[in-house]
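**Student:** All chains, full assembly: derive it from the sequences and hints.
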Amino acid sequence: GENVGLHLPTLSVQEGDNSIINCAYSNSASDYFIWYKQESGKGPQFIIDIRSNMDKRQGQRVTVLLNKTVKHLSLQIAATQPGDSAVYFCAENDSGGSNYKLTFGKGTLLTVNP
Amino acid sequence: AAGVIQSPRHLIKEKRETATLKCYPIPRHDTVYWYQQGPGQDPQFLISFYEKMQSDKGSIPDRFSAQQFSDYHSELNMSSLELGDSALYFCASSRPTGASGYGYTFGSGTRLTVV
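First to last, the protein sequences are chains A and B. Quick note: the first sequence uses our numbering, first residue 44, plus one each step. Quick note: the second sequence uses our numbering, first residue 6, plus one each step.
I should point out that these hints are in silico values taken from the structure, not numbers from a laboratory. Just to be clear, a hint being listed does not mean it is correct.
Here are some of the chain A residues that sit facing chain B, going by a computed Cβ distance under 7 Å [to be verified]:
| hint | residue |
| --- | --- |
| 1 | Y68 |
| 2 | K85 |
| 3 | G86 |
| 4 | P87 |
| 5 | R104 |
| 6 | F132 |
| 7 | S141 |
| 8 | Y143 |
| 9 | K144 |
| 10 | G150 |
Calculated pairs, DSS-like style, for lysine-lysine (alpha carbon to alpha carbon, straight line, at most 27 Å) [as the list claims (entries may be wrong)]:
| hint | chain 1 | residue 1 | chain 2 | residue 2 |
| --- | --- | --- | --- | --- |
| 11 | A | K114 | B | K20 |
| 12 | B | K20 | A | K111 |
| 13 | A | K149 | A | K99 |
| 14 | B | K20 | B | K57 |
| 15 | A | K99 | A | K111 |
| 16 | A | K149 | A | K114 |
| 17 | A | K149 | A | K85 |
| 18 | A | K149 | A | K111 |
| 19 | B | K62 | A | K114 |
| 20 | A | K149 | B | K57 |
| 21 | B | K27 | B | K62 |
| 22 | B | K57 | B | K27 |
| 23 | B | K18 | A | K85 |
| 24 | B | K62 | A | K149 |
| 25 | A | K99 | A | K114 |
| 26 | B | K20 | B | K62 |
Glycine included, C-beta positions come from ideal geometry on N, C-alpha and C.
**Tutor:** Right, dumping it as C-alpha cells:
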C-alpha cells in the first residue's frame, strides 16, 4: 500500500494530558476496526476495537470514536503516561470482502514528556 | 498467558539465500496471519491460513511461500532474498476464523536483515 516513507505523523504531549490520535480509513465497507500500540522492535499490541454498528467504545483510559460518514477513527487516551509513548496504528477489516486481512493505516508516533 | 511465538527473533542472510520464519499461534487459535513491516511503515498483509488451508493472500512475492501444519504452527519460506526483503515479519493468530474473531494477537516478530 501507499506510505509516506519514514516520516510518521507525530504527537507530543505532557504527562497527564489527554491525547487524541486520528486515523482516516479507506474502505467504506470496513466493519471492524482495531487500534494497536507498537513499541520499538515489538509487535503491535491490541488496545481496543470497535464494530461498525457502534460509534463509541470505552476501555481503561482509552476511548475509540468511529465516524462512518467521513470514514474517520480516533483514539483518545486519558491522563497520558510516559509508558504510552509508542507508534499507534489503526487497522480496518471488511469481513464481507476478506475476513482475514487487516489493512493498517499510517502510524502516529506519540511522545509523552514527563 | 501464552502468546504468539515467533522464531528466530533476528536473522541475517545474504542476497539470494533462503530463510524460514516460524510462528506458533496461541493454543486453540486456528487462524494464522503473516505481515511484513518495513522501516517506518505500516504492517502489510502477506498471507493467512485457516485450518491449514490458505484463506487469503495479499502482497506476497512469488519468491515467498507459506504453510500451516497440523499442529497449527506456520512457516514462511523466503527464497532468492533481496535487500528489499529486510523488514520485520509479524505473525498473528486468532480464533474463530477471521480478523474480527476472538483475540487477534501479534507475535514479537522476526527481524530479517538481508546483506
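**Student:** If a hint holds in the structure, say so; if it does not, say that too.
**Tutor:** Hints and how they fare:
1. Y68: Violated. Min distance 12 Å.
2. K85: Since chain B brings a Cβ to about 6 Å from A:K85, closer than 7 Å, the hint holds.
3. G86: The hint holds - A:G86 has a Cβ within 7 Å of chain B, the shortest such distance being about 4 Å.
4. P87: holds (5 Å)
5. R104: Violated, about 20 Å.
6. F132: Hint holds; A:F132 Cβ to chain B Cβ min 6 Å, cut 7 Å.
7. S141: This hint holds: A:S141 lies near chain B, its Cβ roughly 5 Å from the closest one there, short of 7 Å.
8. Y143: Constraint on A:Y143 satisfied, holds at 4 Å.
9. K144: Because about 5 Å separates A:K144 from the closest Cβ in chain B, which is inside the 7 Å limit, the hint holds.
10. G150: holds (6 Å)
11. A:K114 - B:K20: violated (42 Å)
12. B:K20 - A:K111: Violated - the C-alpha atoms of A:K111 and B:K20 are around 45 Å apart, more than 27 Å.
13. A:K149 - A:K99: holds (21 Å)
14. B:K20 - B:K57: The hint is violated at about 30 Å.
15. A:K99 - A:K111: Status holds; Cα separation ~11 Å.
16. A:K149 - A:K114: Holds, at about 14 Å.
17. A:K149 - A:K85: Given that 27 Å is the threshold and the Cα spacing comes to 17 Å, the pair holds.
18. A:K149 - A:K111: holds (18 Å)
19. B:K62 - A:K114: Answer holds: B:K62 to A:K114 is near 25 Å, not above 27 Å.
20. A:K149 - B:K57: violated (31 Å)
21. B:K27 - B:K62: Satisfied, since the Cα-Cα distance of roughly 18 Å is no more than 27 Å.
22. B:K57 - B:K27: OK: B:K57 and B:K27 at ~14 Å, within 27 Å.
23. B:K18 - A:K85: Holds. B:K18 to A:K85 sits at ~21 Å (cutoff 27 Å).
24. B:K62 - A:K149: holds (21 Å)
25. A:K99 - A:K114: The hint holds at about 14 Å.
26. B:K20 - B:K62: holds (25 Å)
Hints 1, 5, 11, 12, 14, 20 from the list above are not met by this structure, while the remaining hints are.
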